[in-house]
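Chains as they are written, first to last, in my numbering: chain A, 1 to 170; chain B, 171 to 795.
Calculated from the structure, these hints are not laboratory results.
Honestly, I wouldn't trust all of these hints.
To be verified - Below, simulated DSS-like cross-link-like pairs (lysine-lysine); rule was C-alpha separation at most 30 Å, straight line:
#, chain 1, residue 1, chain 2, residue 2
1, B, Lys588, A, Lys39
2, A, Lys52, B, Lys410
3, B, Lys661, B, Lys588
4, B, Lys525, A, Lys39
5, B, Lys459, B, Lys410
6, B, Lys278, B, Lys260
7, B, Lys529, A, Lys52
8, B, Lys683, B, Lys525
9, B, Lys260, B, Lys354
10, B, Lys459, B, Lys493
11, B, Lys278, B, Lys433
12, B, Lys529, B, Lys353
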Amino acid sequence: MAQPDSPHGDEERATPMTLDKYETVLAEARGEADELRDKYHRAVAEAENARKWAERDIQARATESQRRLLRQLLEVIDNLERALTTPAEASGLRQGVDITLRQLLRVLAQAGVERIAVESGQPFDPSYHEAVAVHTGNVPQDTVVAVEQPGYLHDGVVLRPARVVVMRRQ
Amino acid sequence: MARIVGIDLGTTNSVVAAVQAGNPVVIPTAEGGNLCPSIVAFAKGGEILVGQIAKRQAIINPENTVYSIKRFMGRRYDEVEAERQMVPYKVVPGPDGDARVSIPQTGKTYTPQEISALILQKLKRDAEAYLGEPVTQAVITVPAYFNDSQRQATKDAGQIAGLEVLRIINEPTAAALAYGLEKKTNETILVWDLGGGTYDVSILDVGEGVVEVRATNGDTHLGGDDWDQRLVQWIIEEFKKDQGIDLGRDRSALQRLREAAEKAKIELSNVMETEINLPFITADASGPKHLQLKLTRARFEQLTEDLLQRCVGPFERALADAKLKHQDLHEVILVGGATRMPMVQELVRRLTGGKEPHKGVNPDEVVAVGAGIQAAVLGGQMKDVLLLDVTPLSLGVETLGGVMTVLIPRNTTIPTRKTEIFSTAEDNQSAVDIKVYQGERPIAADNILLGQFRLEGIASGPRGQPQIEVTFDIDSNGILNVSARDKATGKEQRITITASTNLSKQEVERLVKDAERYAAEDRRRRELAEVRNQADTLIYQAEKALREMGDGVPLADRSRIEAQINDLRQAMSGEDLARIRQLTEVLQQMVSALAQQAYAGQAQSGGTPPRGGGGDTVEGEFREV
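Working from the sequences, and respecting the hints, build out all of it.
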């Protein structure tokens, strides 16, 4: 604060604001305003992008957690199938298990799960098959000779590859 | 602008992370999942497979499938004899005595840099697909014990893959970055990294933003896989004892055993006992055999005790090399999937004198996340990022029944602003008291009163009609402005509270803990307050209806309703929630019946029916609308 006996403070008189000076200050202020406006726009855009990312992230997490559950259910299916392949005479129990298995597969089909079609004699394709055992033989290319555990797709993405025995080219 | 990514180029798996909108995210591979197996295969068709797909064909193409290449990076052929014995592909000496991989499928030899480059290329491709922009620069991590030649080889691998490697950083340093510990001054940090197949323990010095590795030790062949293997052996033995069949010879059964063992290990990190169920695991003449075993965490820990003990030596050697005692360690960080096992966490706690370690949800991703943060810092992405504060506790006002009505929940990033409309609790109420509280308890009085003011001169009207706009505004300095405005008269009052964020960390923690501790009791009290508010609203409506309808209400009905109101008022002063609810319900029915009568009589009298319900509005000394 200026002292009461010198109402027009000395400092102010020492550096009077010329028009030039005002223009410089104005230019500086404008520059700063532009910079802040730019930062503000960026911040808003960033917030918008963050929202979109979060949405995508949530979607991806939901799909992943669904797939985790589906993979576990596939093991239950495997066991029901194992039960049906054990040699036993046709019985009511066996028929019941068979119907239950088909019911479960139908439920999964509705959730977008489909079995990967593999037959023996088909060329080995690591995009869909996982080799678990290998024999060597006279084949033109690596060939699936047996399916040990079926593979599944979920909405076209490999949920679990088919486990196969491969005949390897000599 | 192209984005810079951070890459954890691991022995078994690799992970990529980048900073998105200020937060580090792990980038999933094209096949799904965040980990990419560090495996490269040269398939017979001439194509080069990397990651999950390379892994699936490994056993039919072992001599052309390269894994664990990190063990050969920048090493001389004669240094890696032991490692050479352990891999099915052929390692040969290069012209300068360096270790190289010979691939029969292509008839060529490859340097470990070239093989690593193929992994990096895939990671780059997947990152570009995910981020939707080109990736040309990266930060790559290496173990702290890597020498210059190994670091240079890693850098070269990046270059071959078309990535400019801005910096090679140590894995433990990346882990410290992921937890923001580089900002500490003069601290000593222990990084305990137990992965799938390797164990590294490092001691870091942090000061003035510089992280230095003071000592490092480890075991290059100890990891979570050993725990799995131990469990597989145990299952085989148990089954042999029980059924006399050796599952170890049955390839197909063994495959299922391995998976079940890993699953059991993971489960035992969260529960004390698990069951291993493998129906139809095998069969003999008598029919199918099922495997069913119970395994407790205690038994599992007993089975793997020696593996755990192998972690101790390297820790003690690192400490000795650093010339430190465990008391000198300020922070402990756990890295690697195997550190999820409670026995490992217990051991670390015990060895560090009870220090609580930093452990994220995904210890396998910590190193990549740290590399991603370093990448963002180098790319200038972090420069412009304001370090935004959050509100440590919820902020709100007291409403009818002493309820805390939160306007700004805790952990909201500031600056922020929130407006809500409230109303009066009485007819012709001319003033409202705005009491501003901070805290997590549902009853306002249990929280901290930050300030209060009165808004006077509210336009007169029945309760619930005036609209009072309350605004909470916290600026970037943490200063809270609360204003209340009567929308009808434009009258406004405000208060500025400067002390809303200067609670100590311990205080905040205590308040949050209190809220958890009293949660059940608080819930009951809040419920009681709400039920009382509902009853109060209903009594108000009933009395209003009786008044307005005057003689239109038969005397018998009127006295019945009045008696009911009396009962309810009495119940409200007590604490019997169920009784208040029940009496409210009965009164509700009476009011509804009255409303119907009014409708029926409306044609002649022209009166307005009383408003029914109202159970969904929260009431205050002023109330929310």
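Verification of the hints:
Annotation: proposed proximity of Lys588/B to Lys39/A holds, straight-line Cα distance about 23 Å (limit 30 Å). With a C-alpha separation of about 55 Å, the suggested pairing of Lys52/A with Lys410/B is violated against the 30 Å cut-off. Distance check on the hinted pair: Lys661/B and Lys588/B sit about 19 Å apart at the alpha-carbon level, within 30 Å; holds. For the suggested pair Lys525/B and Lys39/A, the alpha carbons sit about 42 Å apart, so the restraint of at most 30 Å is broken.
The suggested pairing of Lys459/B with Lys410/B holds, with an alpha-carbon distance near 12 Å, which does not exceed 30 Å. Note on Lys278/B and Lys260/B: the hinted pairing holds, with a Cα-Cα distance of about 11 Å set against a maximum of 30 Å. Distance restraint check for Lys529/B and Lys52/A: the Cα-Cα separation of roughly 28 Å lies within the 30 Å cut-off, and the hinted pair is therefore satisfied. Only pairs whose Cα atoms come within 30 Å are accepted, and Lys683/B paired with Lys525/B is accepted, the gap being roughly 21 Å.
Annotation: proposed proximity of Lys260/B to Lys354/B is violated, straight-line Cα distance about 47 Å (limit 30 Å). Simply put, Lys459/B and Lys493/B have alpha-carbon atoms about 57 Å apart, too far for the 30 Å limit, and the pair is violated. A distance of roughly 40 Å separates the Cα atoms of Lys278/B and Lys433/B; the hinted pair therefore is violated under the 30 Å criterion. Distance hint between Lys529/B and Lys353/B is fulfilled; the C-alpha atoms sit about 18 Å from each other, no more than 30 Å.
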